[in-house]
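Trainee: Here is what each chain is made of, one letter per residue.
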Amino acid sequence: MGLKLNESAYKERVQKGIEDDFMRKAVSSAQGRFRTRKKIQEEALGNWEDWRRLGEEIRKHTVENLDYYLQQLSDQVSKRGGNVFFASTAEEANEYIQNVIQKKKAKKVVKSKSMVTEEISLNRALEQIGAEVVESDLGEWILQLDEEPPSHIVAPALHKDREKIRETFAEKRGYTGTDTPEELAAFARSQLRKDFLSADVGITGCNFAIAESGTITLVTNEGNAEMVTALPDTLITVMGMERIVPTWEEMEVLVSLLTRSAVGQKLTSYITAYTGVRSEDEIDGPNEYHLVIVDNGRSNILGTEFQAALHCIRCAACINACPVYRHVGGHAYNSIYPGPIGAVLSPLLGGYDDFKELPYASSLCGACTEACPVKIPLHELLIKHRQIIVEKEKAAPLTEKIGMKGYAKWASSPAAYQLSTKMARLALSPWTNDDTIENGPGPLKEWTNSRNFPAPSKQSFRTWFKEREKRGGAS
Amino acid sequence: MRVSIFITCLCDIFSPHVGKHTVEILERFGCEVDFPELQTCCGQPAYNSGFFKESKEAMKQMMRAFKDSEYVVGPSGSCVGMLKEYPNLFKGDPEWEEEARKLADKSYELTQFLVDVLKIVDVGSTFKGKVTYHPSCHMTRLLGVNEAPITLLKHIDGVELIELPVKEDCCGFGGTFAVKNAAISEEMVTEKSQHVTETKAEYLVGGDMGCLFNIGGKMQREGKKVEVVHIAEILNTIG
Ligand code: SF4
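Chains as they are written, first to last, in the UniProt record's numbering: chain A, 1 to 475; chain B, 1 to 239.
Worth flagging that the hints you see were computed from the coordinates, not collected in a lab.
Keep in mind that a hint or two might mislead.
[As the list claims (entries may be wrong)] Computed list of lysine-lysine pairs in DSS-like fashion (alpha-carbon distance at most 27 angstroms, straight line):
1. Lys458/A / Lys470/A
2. Lys79/A / Lys103/A
3. Lys225/B / Lys458/A
4. Lys167/B / Lys130/B
5. Lys11/A / Lys458/A
6. Lys11/A / Lys409/A
7. Lys458/A / Lys20/B
8. Lys225/B / Lys409/A
9. Lys164/A / Lys194/A
10. Lys154/B / Lys39/A
11. Lys60/B / Lys394/A
12. Lys466/A / Lys67/B
13. Lys20/B / Lys128/B
14. Lys20/B / Lys401/A
15. Lys20/B / Lys470/A
16. Lys84/B / Lys53/B
17. Lys445/A / Lys225/B
[Said to hold, decoys possible] Reference listing, derived: stretches of chain A covered by chain B, where coverage requires no fewer than 3 residues with Cβ under 8 angstroms from a Cβ of chain B:
18. 252-259
19. 315-327
20. 377-390
21. 411-419
[Stated by the list, open to error] With the Cβ distance kept under 7 angstroms, some of the chain A side facing chain B (calculated, not the full set):
22. Ile18
23. Phe22
24. Met404
25. Ala408
26. Phe465
Computed from a predicted model, the values in this text were never measured in an experiment.
Virtual Cβ for every residue (Gly too), placed ideally from N, Cα, C.
Start from the sequences, fold in the hints, and give me the full structure.
Mentor: Dropping the structure here:
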């Protein structure tokens with residue numbers, strides 16, 4: 001799977017999303033809940049804009065000094081008995097983890113939710129060496145049973161409603177209960193408990209790695225990360241190289257922005273923190289610890305006009321605010337990272353060939369930028385992508401290129417422009433009926449398939465103004 | 001006070017009446033209104049499509065057109081928002097940087113100009129009816145104009161203002177987006193149209209003709225009776 005989900009075409013994916021009523025209802029109601037709760041939490045905190053600015057500053061500083069903080073983190077983890085591995089590609093990361101598991105002769109791996117392991121297709125790599133992988137996050141577990149990719153970076157099974165989840169449990173695990181969330185969760189818990197106890201290796205992602213202490217922190221509502229980090233003998237963290245903060249102080253600010261923006265909570269039920277291997281005075285924790293820091297295209301973003309994309313704290317507020325996402329769902333993006341941040345990030349990590357449509361999957365309404373707790377100018381970065389597709393990739397459609405050349409001539413020549421204001425009505429008259437165009441030509445066709453377009457006015461504003469002046473101005 | 005009208009190409013060609021109302025309101029409040037004829041389009045269609053070189057041709061034309069203007073006022077949050085972006089786009093360009101900044105500094109959207117510069121909240125309109133207002137995304141998020149249109153509408157005695165549900169959601173216009181991603185755009189405008197219907201308003205009011213064409217075009221196609229009007233028309237209903 002990896003970053004890219006499959007080979008289907010963009011238009012088909014969009015159409016499929018639009019026609020999926022179940023998914024759309026589930027997504028729309030989840031978005032509504034998340035957005036309302038976020039707003040309440042923003043107000044409860046007060047000075048939300050100041051907090052955002054602080055969040056932005058912290059992320060900017062950290063990413064600007066990424067090499068320094070990565071070194072510090074790595075030193076601290078080593079000091080606490082951990083092994084650190086920098087993986088420049090997905091393959092390198094997977095190979096390293098495969099080796100650890102093979103050396104341990106491990107049979108069962110239990111995981112907590114992690115987007116970066118989805119990005120590098122870790123589960124597939126582990127299955128290849130015969131290890132059984134169990135996802136312990138409820139949403140991820142549901143998707144694992146259904147063999148589906150996540151459609152959202154915080155709530156991976158957002159596209160499913162309770163009834164669908166009940167069906168999955170019944171079909172795959174013989175569940176006979178109702179579709180109440182409590183009962184479903186209790187069932188999952190009882191099923192997963194066995195796995196926690198018998199797993200040899202635990203793998204987690206990372207919300208914030210704290211450079212000063214070498215600590216990995218995880219933000220969850222289910223407490224499953226506690227189990228993953230406490231029970232197995234060997235523990236592996238996989239983190240994107242930018243998931244780092246200098247000290248606990250910055251972590252506190254960012255975690256508060258994260259939980260408020262992601263799920264509209266002051267704080268999630270659990271913040272799990274662990275550092276290196278179990279020390280003598282600790283009662284739980286691993287005897288062997290590995291931190292795998294994944295680059296996989298991230299360092300190429302450093303120093304470019306897209307650097308702000310690395311500030312992302314994966315809260316999904318931009319996704320929850322996005323009207324395009326609401327109507328097409330996460331899978332239409334065909335990337336493990338959907339929504340506005342996905343549209344910015346996927347072409348950077350996976351290239352334009354696979355993701356060239358995504359920067360256009362936005363009306364540039366700016367809802368994402370407004371929602372982002374660390375002020376990433378998402379819609380502006382989408383325009384930057386478009387600029388690169390036009391200027392560097394030379395991949396704009398020919399009709400658009402010709403159209404835009406014409407546009408430049410038209411808009412830079414008052415004479416040509418004025419002539420067009422006079423001619424527009426006549427030019428569109430074959431398609432005009434009652435001052436309305438219901439079935440327009442060329443680019444108007446797409447528009448008028450579903451809505452009317454007005455006919456150009458009989459007299460342009462400029463002609464009116466000129467005649468009014470001739471008559472002596474204001475009457 | 002001397003005010004130059006920035007008509008926007010959409011209003012110039014498709015909705016000149018919006019321009020007429022804009023001129024009349026401004027004159028009513030003592031502005032001396034002119035219309036620099038060299039103006040064309042703000043450059044947004046090309047800019048948003050990633051054709052920066054082409055969009056800059058349009059932008060330079062606009063800077064030439066409004067060089068001598070004292071204030072520039074337009075009936076569109078989106079197009080005025082584009083003018084405000086010029087300084088970013090011409091940063092480091094010795095010939096145009098200064099001009100870009102000057103134009104951005106003196107440009108205002110109509111309701112913003114009335115409330116913030118002329119300090120008017122009651123325009124003396126006699127408009128009557130149930131009204132709901134769609135705050136277009138560029139007006140609010142890019143230009144930062146949130147309160148001005150609401151303040152003006154609230155001060156009109158005959159206007160019963162009904163809040164549009166999830167009003168901040170985009171209507172799906174987005175310029176070339178409505179053509180390139182017509183299927184998604186259609187879903188967005190369908191949702192917006194439903195929200196307008198829920199308000200039971202007689203009039204849908206907005207400050208950006210692009211969005212109003214989109215929502216109005218959809219509602220017309222659906223056979224809905226709601227009348228779609230630009231806020232300038234409401235503000236200029238006298239007697
Ligand atoms: S881009 Fe901003 S809003 Fe979107 S997931 Fe990242 S931090 Fe959250």
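Trainee: So which of the earlier hints does this model not fit?
Mentor: Failing hints, ascending: 5, 6, 8, 14, 18 and 23.
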